[in-house]
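Chemist: The residues making up each chain are set out below.
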Amino acid sequence: MADYKFDTLSLHAGQSPDARFGSRAVPIHQTTSYVFDSTEHAAALFNMEVGGHIYSRLTNPTVAVLEQRLAALDGGVAAIATASGMSALFVTVLALCSAGDHIVSSSQMYGANINLFEHTLKRYGIETTFVPPNDPTAISQAIRPNTKMVFGEVIGNPGMDIMDVPAVAKITEAAGIPLVVDATFNTPWMIKPIELGANVVIHSLTKWMGGHGIALGGAVIDGGNFDWGQNDKFPTLTTPHFGYQGAILWEEFGPAALSVRIRTEGMMNVGPCMSPQNAFYILQGLETLGLRMEKHMSNTASMLDFLVNHEQISWVKHPSLSNHPDHEAAMRLMPKGQGSIIACGIKGGRDAGRAFIEGVQLASHLANVGDAKTLVIHPGSTTHSHLSADAMASAGLTDDLIRISVGLEDIKDLKDDFKQSLRTASKVAAAKGTAA
Amino acid sequence: MRITLHNTEIFASTGGRDFDSTGNVVIFIHGSGQSHLGFMLQHRFFANRGWQCITPDMPGHGLSKGTAIKTVEAMADWYADFMQATGITEATLVGHSMGGLIELELASRYPHLVSKAAFISTALAIPVNDALVDLASTKESAAIAAMMDWGHGSSGHIHEHTMPGTSHMFYGKRLMASNTQGALHAGLAACNAYTNGPTAAAAITCPTLTIVCGQDRMTPRKAGLALNRALDGQLVEIPHSGHMSTTEQPFDVNKALRAFF
Ligand SMILES: Cc1ncc(COP(=O)(O)O)c(C=O)c1O
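Line by line, the protein sequences give chains Y and E. Using my numbering, read the first sequence as starting at 5 and increasing by one per residue. Using my numbering, read the second sequence as starting at 144 and increasing by one per residue.
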């Protein structure tokens, strides 16, 4: 018995070998519901007097192993796994915000995160002010009396802007509101935001945490480090619950009040639960998180070196490079590595970019990140092709931008693939006379 | 429930049910650096089965205001005053860790207030390593981390909780960190200074239950067995639990308590 370290927790947390059959792997409990011992047992479960499972929309034994493993890795009091990263964010907002409330959010984020705040929540009376994630003063100034959370991605998608978590946590702590961060791009291997003062962590497990690109999933990690009773801003946690005989979650469950609310409202009444099969897949991925992240980081470093020195590349953006605007914060907060997403510009604009993407053979052209396989996308010809050059610029995207999610292939093979494809791109650029 | 005792606002959990002091009252007594939340899986369970459960947070702990009481004897007096203030004339006591020491004093000096006494993961004395007592005042977070490490058995360390998705270690750390600065140090120092256990145990006349845990590294099995010999009461052993048995093995603890109540 010891205070187990990261790689040990990645393999073991949340599970002892199954008592009945001794299964070493986590069993897949492919069931919707669970037989009660007695009516008394059923009532006790429904009233949260005892732990256990009722129905897999709420909890499932395989999913619970994943949740406990995630809580252990991020240093949270509890975790809730969800069907996707998006639903993890949604159930968190649902637990904390009501019509008339306000959110301060990073402006540099994954598109669906932005759209949820800007369009969906707005229709339900929740307003959001968008601010740059790396401008603590702007964050501080945007907070209003009805602000219920500050949200941002620790490493923004796609620009890799860095939120200085400890600096922002000081602001939210003083304002008496929680700091909720999306930690998809960093994973707890790079940085554990709860240890730095964040209160809630959201993950898309679809990316690096799973790593294999075979299962969607999300998670909310409850840091348990926020005093929900310090003001009257969080009535969902400090006044009687609509169920559970009017339990006041902050009094009954203390540091786990938020996760209990999410479980008993978001999961119960909305229902974005993770399937046991997907939990199993993601657990397989988590077992090698530390190993994979090390290789992601070393391959990224080699790839950066290659790109920076390649004549067909006009610019490279990565937080480890001294010209990145958040370089200092990235190196301070993430000394083990600053992520495996690289943005770069291909000389020759949109056409050269398209030629490069179509020319790669090992790297896969698709709309995802964090896979074990290297992924590339040219936003100018895909996700953002409908935007004008001006609109692209204000979203921080340029016409020539290529986003690379560096995978785990042998780095020489990767470089060779990029070399041959950049050669093709250079021919396109030369033909158009835009190589310079 | 919130009451004012000795000019201090005190919170007491009643397990999510209304409290009737004339019913079958069970008072849960928490240990050093803990709060009512350590009994989260006991007071809700028994409150919903007809017992009148009440778990106050001692001053400086949990949701109570004030500063921590400095000696076990004074803590026992505080519980006697709490009972008076809430109209409880007699109760079953359930103490965990330092709560067991408080219970020894309370049951021996105020026998008329106590009908039965259950002792969970506790001993006749709880000597605390001086380095840990010092750490609690110089670097409380390190003392908490050490206590959570020592306090949990195998299921705690592997983060395998009966409440799906919950982590023992981190829940415990946050629970302890939310107490008033200095509360942990006061509790540990009080444990260290308390020597009256054997005398108090000999004076206890009500029925007792001692729950002893096989993986307990804070109040080891041997010390729990010695307490039970001194009390000459019922004994239940939970081999696969560490010190934090109320959260680590709640089913076993509740089964033993239910049979005893
Ligand atoms: C930073 C970030 N957060 C959240 C999400 C949403 O996750 P999911 O696709 O699992 O719903 C994504 C997905 O692309 C992402 O990149």
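Check before you lean on any hint, since a few could be wrong.
[Said to hold, decoys possible] Per the computed footprint, the stretches of chain Y lying under chain E, defined by three or more beta-carbons under 8 Å from a beta-carbon of chain E, are:
no., stretch
1, 18 to 24
2, 225 to 232
[To be verified] Pairs of lysine-lysine, DSSO-like flavour, derived with a Cα cap of 27 Å:
no., chain 1, residue 1, chain 2, residue 2
3, E, K208, E, K282
4, Y, K9, Y, K431
5, E, K282, Y, K237
6, Y, K299, Y, K340
7, E, K282, Y, K9
8, Y, K174, E, K213
9, E, K259, E, K213
10, E, K259, Y, K174
11, Y, K299, Y, K237
12, Y, K377, Y, K436
13, E, K213, E, K282
14, Y, K174, Y, K340
Everything labelled a hint here was simulated from the structure, so no lab data went into it. Quantities reported herein were computed from a predicted structural model and do not represent experimental measurements. Don't be surprised by glycine CBs; every beta carbon is placed ideally from N, CA and C.
Chemist: Of the numbered hints stated previously, which ones are contradicted by the structure, given in increasing order?
Modeler: 4, 5, 8, 10, 11 and 12
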